[in-house]
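Asker: Given next are the chains, with one letter for each unit.
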Amino acid sequence: MVEMNGSKALFEALNAEGVKHIFGIPGGSVIPIYDALFDEKKIVHILTRHEQGAAHAADGYARASGKPGVCLTTSGPGATNLTTGILNAYMDNSPVVAISGQVTSSAIGTDAFQEADMLSLMLPITKHNFIIHKVKDLPAIVKTAFDVATAGRPGPVHIDIPKNTQNEKADLKIPATVKHEKVLKMQPTPGEIGRAIEMLAHARQPVIYAGGGVVWSNASPELVALAEMVQTPVVTSLLGKGVIPEDHPLALGMLGMHGRMVANLAVTECDLLFAVGVRFSDRATGDIRHFAPKAKIIHIDIDPVEIGKTIRVDHQIVADAKLALKGIIAGLKSHVQRGRTSEWVKRAEKLRKELAPRTDYDEVPTKPQRAIKEIMSVLSGDAIITTEVGQCQMWAAHFCEIKNPRHFISSGGLGTMGFGFPAAMGAKVACPKNPVINIAGDGSFLMNSQELATVVENEINVVSCILNNRYLGMVKQWQDLFYQKRRSGVGLGKVPDFVKLAEAYGAWGGRASKPSEIAPKLKEALASGKPAVLDIPIDPDENVLPMVPAGGRLDEPILT
Amino acid sequence: MKNRIFSILCQNIPGVMMRITRDFTRRQINLDSITVGVEPSGLARIILMFRADDHMAEFMQKVLTRLEPIIKVDVIDPEEGVVRVVALIKTKKLAGDEHWKVVEKIERAGGKIVDSSGGAILAELSGDNEEVENIINALGREIVTEVARSGRVYISKKIG
Ligand SMILES: Cc1ncc(C[n+]2csc(CCOP(=O)(O)OP(=O)(O)O)c2C)c(N)n1
Ligand SMILES: [Mg+2]
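Sequence lines, in order, name chains A and B. Position 118 of the first sequence, counting from 1, maps to 118 under the numbering used here, and the rest follow consecutively. One gets the numbering used here by counting positions in the second sequence from 1 and adding 560 to each.
No lab work stands behind these hints: they were computed from the structure. The structure presented is a predicted model; accordingly, all values stated were derived computationally and were not measured. There's no promise every hint is true.
Unchecked claim - Pair ranges (Cβ atoms, derived):
id	chain 1	residue 1	chain 2	residue 2	range
1	B	Glu599	A	Asp314	34 to 40 Å
2	A	Gly18	B	Asp614	43 to 49 Å
3	A	Asp314	B	Glu691	40 to 46 Å
4	A	Asp314	B	Lys717	31 to 37 Å
5	A	Thr189	B	Asp614	21 to 27 Å
6	A	Asp282	B	Asp592	26 to 32 Å
7	A	Trp478	B	Leu603	48 to 54 Å
8	A	Val495	B	Thr581	44 to 50 Å
9	A	Gly191	B	Ser710	40 to 46 Å
Glycine included, C-beta positions come from ideal geometry on N, C-alpha and C.
All chains should be modelled from the sequences, with the hints used to inform the complete structure.
Answerer: The structure is reproduced here in structure tokens:
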């Protein structure tokens, strides 16, 4: 036991968790914590220019590294500015630990200056949240917060710390462990495994559908091993991109509204859908009544809530994805392996080639499909791609061939414009050796472009490639396709000049006005030794196609 | 849609009820009854009653079980335990014959007269929800002027 105040204890606790970086902005109700930060030797604080940027950065950090990302704000507006970022992390199961100062306990409820009821505001958008009124509770609560954020299905946790707690002194010790009343079922049972093996062995046209749960349980090697063992094609969700290298012969790519045709057809035709670490999002399934209509469905997930939520399941395994896949692989080895008619795999491979989307456009302004192809031509498998939201995101999802898990970071569940750039910043801080590229839309980029100051000041050299169509393109696409081209509220006009915007912050700025300029310019940007913005004017009328309309059938996409 | 009863074991800390109720509100489920008590262990026991189809009931059980402060959610089959509500009722001022008739009705239905010093009768009723409802209806709205009713309380018949 050592006597210390709550602020000092907070840093002791964060150090005990192995925290290396914090993204944040100070203010009146969090000054004691920033005062303790002044003496902190091991943890680096990165001052963002908006708290939403801090939350997304912590989220990007967590997704790239697999370790919790941490952000810190003051009370009131500082804390409320976190909320979009926290919900974003919640929807995509990212372990963010968010900490906010709060007005003094005795003032809570009096509408004190910069008081916001964060316990209520954060409650529905976190996995769990706390307020610490007594300093003696702080060490155990911080420990619990990290445990909750990372255990089972990960998710964000918010800790509200009133100023009195930050200042209060007590004899404190950071506990190595805390007791949890809840027990998580991580291990599959032999019965669960056995039945899955039977179903796999009997399937003639199986498909594996893998998602973010495979990423979070680090089960990518097992997933690929299983796919190869049973010669089964793999489709992924948006958040599952990279769990199997997308150039693998069995990888059919992303499914869903803007998925690959071959992935959507394979799911429609399969007789067994082996779903692991996915939640059957409506953007992935389309019309649920016609989703995998011929298939028996196996669903593996750590969170029982997801099983049977929107879709009927024939066999469920509530378990960690890695443990479940390991169990199935071990069981398959001893199981008499029937030679699977490889007709199905051959057909999938053939369709994959036939339905491969076109990228060889030469037009000026550049077609976005070509733009992504050029961007990817410069990068190798270690590059981490983040995306903004809209058409840019779906082009990235459709055309970026991702080879590794945690190398495609995108706002899936919430679809948050402004996520990609600060997330790239977080990813780069977590993985300084990897090139980090944010594939952005012009609209989205402006939602958190103030973080250009952060990346320049902190030498966080990420590159934003802006697919610049001067439109809120995805909304425009819906208006064009479903609202008789009545383009309402979607034109973004002529400003800003993104090159000048970058330069105003001291970043590298460049423009690639035709397809052949993209690769050389991107190389220049990467070699500049600075954060960079590459403006790529694209065809403003290009749509993301094929597209399955909301609630439509996966096998009935709009093609033109 | 059927009546559902959940018996929830949870930490006895502020905010748990809010976490629970919002999960119902968001899915447009009305809670018909809520009762909270503290167990000898120091944990809280919440009994909830609501209407939902089988799918939603199973889903809600999983949703609630996922909440950090919640340790266990048991789905109660009323047949396997005892479910009671307690109601306190007040009548209008009654005199003479009418007074005695009402007292008799209440007592015959198993109710207990708590007070009648001011001329009105205060009585305590208990039973399953329907029984209590029936007694009140039998007395009639012109007689009964006020009803204070508890939520459902439940205890299982299981031993140990
Ligand atoms: C914060 C937020 N506001 C609004 C939307 C709705 N929305 C979805 S895509 C989109 C357009 C995005 O425009 P841009 O970033 O330029 O990308 P584009 O679709 O043009 O590639 C909008 C407004 C959203 N997803 N997020
Ligand atoms: Mg745009």
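Asker: Hint by hint, where does the structure go against what was stated? Just the numbers, ascending.
Answerer: When the structure is compared with the hints, none of them turns out to be violated.
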